[in-house]
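K.L.:
What follows is the residue order along each chain.
Number of protein chains: 2
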Amino acid sequence: MNILLVHAHPEPQSFCAAMKDAAVEVFRQQGHTVTVSDLYAMRFNPVASAEDFASRANPDYCVYALEQRHAAEHGTLPEDIRTELDKLLACDLLVLTFPLFWFSVPAILKGWFDRVLVSGKIYGGKRFYNRGGLAGKRALVGVTLGGREDMFGESGIHGPLETLLKPLLQGTLGYTGCSVLKPFAGWHIPYITPQARAQVLQAWRARLAGLDAERDFLPMPDLADFGARYNPVPQKG
Amino acid sequence: MNILLVHAHPEPQSFCAAMKDAAVEVFRQQGHTVTVSDLYAMRFNPVASAEDFASRANPDYCVYALEQRHAAEHGTLPEDIRTELDKLLACDLLVLTFPLFWFSVPAILKGWFDRVLVSGKIYGGKRFYNRGGLAGKRALVGVTLGGREDMFGESGIHGPLETLLKPLLQGTLGYTGCSVLKPFAGWHIPYITPQARAQVLQAWRARLAGLDAERDFLPMPDLADFGARYNPVPQKG
Numbered sequence: 212m213n214i215l216l217v218h219a220h221p222e223p224q225s226f227c228a229a230m231k232d233a234a235v236e237v238f239r240q241q242g243h244t245v246t247v248s249d250l251y252a253m254r255f256n257p258v259a260s261a262e263d264f265a266s267r268a269n270p271d272y273c274v275y276a277l278e279q280r281h282a283a284e285h286g287t288l289p290e291d292i293r294t295e296l297d298k299l300l301a302c303d304l305l306v307l308t309f310p311l312f313w314f315s316v317p318a319i320l321k322g323w324f325d326r327v328l329v330s331g332k333i334y335g336g337k338r339f340y341n342r343g344g345l346a347g348k349r350a351l352v353g354v355t356l357g358g359r360e361d362m363f364g365e366s367g368i369h370g371p372l373e374t375l376l377k378p379l380l381q382g383t384l385g386y387t388g389c390s391v392l393k394p395f396a397g398w399h400i401p402y403i404t405p406q407a408r409a410q411v412l413q414a415w416r417a418r419l420a421g422l423d424a425e426r427d428f429l430p431m432p433d434l435a436d437f438g439a440r441y442n443p444v445p446q447k448g
Numbered sequence: 212m213n214i215l216l217v218h219a220h221p222e223p224q225s226f227c228a229a230m231k232d233a234a235v236e237v238f239r240q241q242g243h244t245v246t247v248s249d250l251y252a253m254r255f256n257p258v259a260s261a262e263d264f265a266s267r268a269n270p271d272y273c274v275y276a277l278e279q280r281h282a283a284e285h286g287t288l289p290e291d292i293r294t295e296l297d298k299l300l301a302c303d304l305l306v307l308t309f310p311l312f313w314f315s316v317p318a319i320l321k322g323w324f325d326r327v328l329v330s331g332k333i334y335g336g337k338r339f340y341n342r343g344g345l346a347g348k349r350a351l352v353g354v355t356l357g358g359r360e361d362m363f364g365e366s367g368i369h370g371p372l373e374t375l376l377k378p379l380l381q382g383t384l385g386y387t388g389c390s391v392l393k394p395f396a397g398w399h400i401p402y403i404t405p406q407a408r409a410q411v412l413q414a415w416r417a418r419l420a421g422l423d424a425e426r427d428f429l430p431m432p433d434l435a436d437f438g439a440r441y442n443p444v445p446q447k448g
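Residue numbers (this note's numbering), protein chains in the order written: chain A, 212 to 448; chain B, 212 to 448.
Be aware that a few hints might be false.
[Stated by the list, open to error] Quick look at which bits of chain A chain B covers, simulated, 3 or more residues with Cβ under 8 Å:
{"hint": "1", "segment": "235-247"}
{"hint": "2", "segment": "301-315"}
{"hint": "3", "segment": "321-334"}
{"hint": "4", "segment": "395-401"}
{"hint": "5", "segment": "425-439"}
[Stated by the list, open to error] Incomplete in silico selection of chain B near chain A, CB under 7 Å:
{"hint": "6", "residue": "Q241"}
{"hint": "7", "residue": "G242"}
{"hint": "8", "residue": "W313"}
[Unchecked claim] No more than 20 Å apart at the CA atoms, straight line, and that leaves these computed lysine to any residue pairs for SDA-like:
{"hint": "9", "chain 1": "A", "residue 1": "K337", "chain 2": "B", "residue 2": "I403"}
{"hint": "10", "chain 1": "B", "residue 1": "K337", "chain 2": "A", "residue 2": "D361"}
{"hint": "11", "chain 1": "A", "residue 1": "K393", "chain 2": "B", "residue 2": "S366"}
{"hint": "12", "chain 1": "A", "residue 1": "K298", "chain 2": "A", "residue 2": "R359"}
{"hint": "13", "chain 1": "A", "residue 1": "K393", "chain 2": "A", "residue 2": "A435"}
{"hint": "14", "chain 1": "B", "residue 1": "K337", "chain 2": "A", "residue 2": "Y402"}
{"hint": "15", "chain 1": "B", "residue 1": "K337", "chain 2": "A", "residue 2": "W398"}
{"hint": "16", "chain 1": "B", "residue 1": "K337", "chain 2": "A", "residue 2": "K393"}
{"hint": "17", "chain 1": "B", "residue 1": "K337", "chain 2": "A", "residue 2": "S248"}
{"hint": "18", "chain 1": "A", "residue 1": "K337", "chain 2": "B", "residue 2": "G370"}
{"hint": "19", "chain 1": "B", "residue 1": "K337", "chain 2": "A", "residue 2": "K298"}
{"hint": "20", "chain 1": "A", "residue 1": "K337", "chain 2": "B", "residue 2": "P401"}
{"hint": "21", "chain 1": "B", "residue 1": "K337", "chain 2": "A", "residue 2": "E425"}
{"hint": "22", "chain 1": "A", "residue 1": "K337", "chain 2": "A", "residue 2": "G347"}
{"hint": "23", "chain 1": "A", "residue 1": "K337", "chain 2": "B", "residue 2": "K337"}
{"hint": "24", "chain 1": "B", "residue 1": "K337", "chain 2": "A", "residue 2": "V411"}
{"hint": "25", "chain 1": "B", "residue 1": "K337", "chain 2": "A", "residue 2": "E360"}
Hints are computed from structural coordinates only; laboratory data are not their basis. In this text, a Cβ means the ideal position worked out from N, Cα and C, and glycines have one as well.
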């Protein structure tokens with residue numbers, strides 16, 4: 212497998228970074244090719260703006276997605292986006308490791324989605340969910356949290372983690388066509404003992420070691436279930 | 212009322228910017244004080260990093276929330292964060308206007324949450340949801356979308372918009388203590404006629420004009436319902 216690991220944590224010595232390093236090690240031991248995008252280390256620019264487009268479809272009014280499409284067609288995407296897009300298109304498995312900030316990804320990772328998931332390449336028109344540009348690839352989220360596990364789930368104060376991660380799991384990874392694996396959560400990380408952390412890291416390693424065989428994906432909408440609007444109209448004979 | 216309007220759209224002539232301008236106009240006509248943070252115009256830095264802290268609680272290992280707390284206590288928050296935090300603490304109503312990017316806010320706005328919602332000032336320990344630091348303030352989201360209204364809701368392909376916005380509506384605005392109003396959605400904006408856009412803008416203006424009286428808030432968790440862990444233990448007499 213060709214694996215892209217996108218990592219976004221401000222502290223290079225963090226537990227989350229240890230999860231990233233463990234993933235690299237486990238995957239390489241299995242003979243996979245691993246590419247890492249460490250967004251903080253790269254000082255990745257997360258702000259989607261008109262400045263991304265040296266040559267504009269419409270120089271007077273920027274619709275970001277339309278400019279992405281234009282730039283992709285004309286080979287004028289900026290180099291940082293093109294580099295990340297090439298890594299993404301080449302991978303079989305996308306792994307994201309990040310700490311939960313405001314029940315979502317850190318801004319630097321949100322901006323990776325905003326800028327790298329290029330309209331016209333990754334999605335567009337009727338190409339989304341099972342017809343998205345990343346169809347056939349798998350995706351795994353590895354998230355570290357301050358919260359305890361009992362704060363989540365149906366009876367937890369915040370509700371199910373997978374509901375809170377829906378914009379990511381479904382709205383981003385599923386939308387672009389990825390088959391999305393159940394996320395891995397490292398609970399309460401800033402507050403637990405080194406021994407407890409070692410156990411979490413061990414569970415992460417075990418999960419990754421068996422990942423090749425995992426085919427238990429989160430349910431996603433299927434365009435076929437949603438009528439003619441999303442589906443080709445059969446041609447008359 | 213003192214109103215803070217945080218706006219995040221890459222195109223200054225966008226419909227979303229027209230919603231921001233309309234809000235300023237309607238609120239000022241009503242005699243309210245309006246402050247605007249136009250994040251793209253300000254070139255707001257959305258990346259929460261150790262660089263935010265000139266004086267560190269722990270110079271060797273950055274736990275962002277703990278450094279926020281330390282900096283808030285010692286008056287060493289960087290100026291851009293302090294300025295935004297002061298605006299936020301001074302407001303009675305927070306209004307966010309943004310286009311939906313990947314079923315969430317643009318990264319520049321996500322980073323405003325990551326950096327400005329300072330631990331120790333806005334939340335921390337048992338101060339969240341109804342006990343959050345912004346309790347007593349109201350919040351309104353005004354979002355523009357490419358999607359059509361029929362793509363959302365219980366039978367829509369993406370599911371209810373309010374579920375997809377849960378990390379924002381509950382996990383951010385509700386978590387910090389705001390009373391959160393039902394979001395306003397401008398559907399299918401890039402694809403509709405100028406006449407249809409004028410109608411959406413008129414509906415937005417009408418909503419804002421009546422906002423002072425709105426007390427129909429989204430349901431949020433109440434710490435009192437979740438046991439001793441979140442609540443003061445009664446002292447023995």
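K.L.:
The structure should be examined with respect to each hint, and the outcome stated for every one.
P.N.:
Now the hints, each set against the structure:
1. 235-247: With 0 residues closer than 8 Å to chain B, the segment 235-247 of chain A misses the three-residue bar; violated.
2. 301-315: Answer holds; 4 residues pass the 8 Å Cβ test.
3. 321-334: Holds, because 5 residues of the segment 321-334 of chain A bring their Cβ atoms closer than 8 Å to Cβ atoms of chain B.
4. 395-401: violated (count 1)
5. 425-439: Answer holds; 3 residues pass the 8 Å Cβ test.
6. Q241: Not OK, violated: Q241(B) not within 7 Å of chain A, min 31 Å.
7. G242: violated, 33 Å
8. W313: holds, 5 Å
9. K337(A) / I403(B): Measuring from Cα to Cα gives roughly 18 Å; hence the hint holds.
10. K337(B) / D361(A): holds, 15 Å
11. K393(A) / S366(B): violated, 24 Å
12. K298(A) / R359(A): violated, 34 Å
13. K393(A) / A435(A): The hint is violated at about 23 Å.
14. K337(B) / Y402(A): It holds: about 15 Å lies between the C-alpha atoms, which stays within 20 Å.
15. K337(B) / W398(A): holds, 18 Å
16. K337(B) / K393(A): At roughly 30 Å apart (the allowed maximum being 20 Å), K393(A) and K337(B) break the hint.
17. K337(B) / S248(A): Answer violated: K337(B) to S248(A) is near 36 Å, above 20 Å.
18. K337(A) / G370(B): holds, 17 Å
19. K337(B) / K298(A): violated, 42 Å
20. K337(A) / P401(B): Holds. K337(A) to P401(B) sits at ~16 Å (cutoff 20 Å).
21. K337(B) / E425(A): Roughly 39 Å between the alpha carbons, so the hint for K337(B) and E425(A) is violated.
22. K337(A) / G347(A): holds, 17 Å
23. K337(A) / K337(B): violated, 46 Å
24. K337(B) / V411(A): With a Cα-Cα distance of about 25 Å, the restraint between K337(B) and V411(A) is violated, given a limit of 20 Å.
25. K337(B) / E360(A): It holds: about 16 Å lies between the C-alpha atoms, which stays within 20 Å.
Of the numbered hints listed earlier, those contradicted by the structure are 1, 4, 6, 7, 11, 12, 13, 16, 17, 19, 21, 23, 24.
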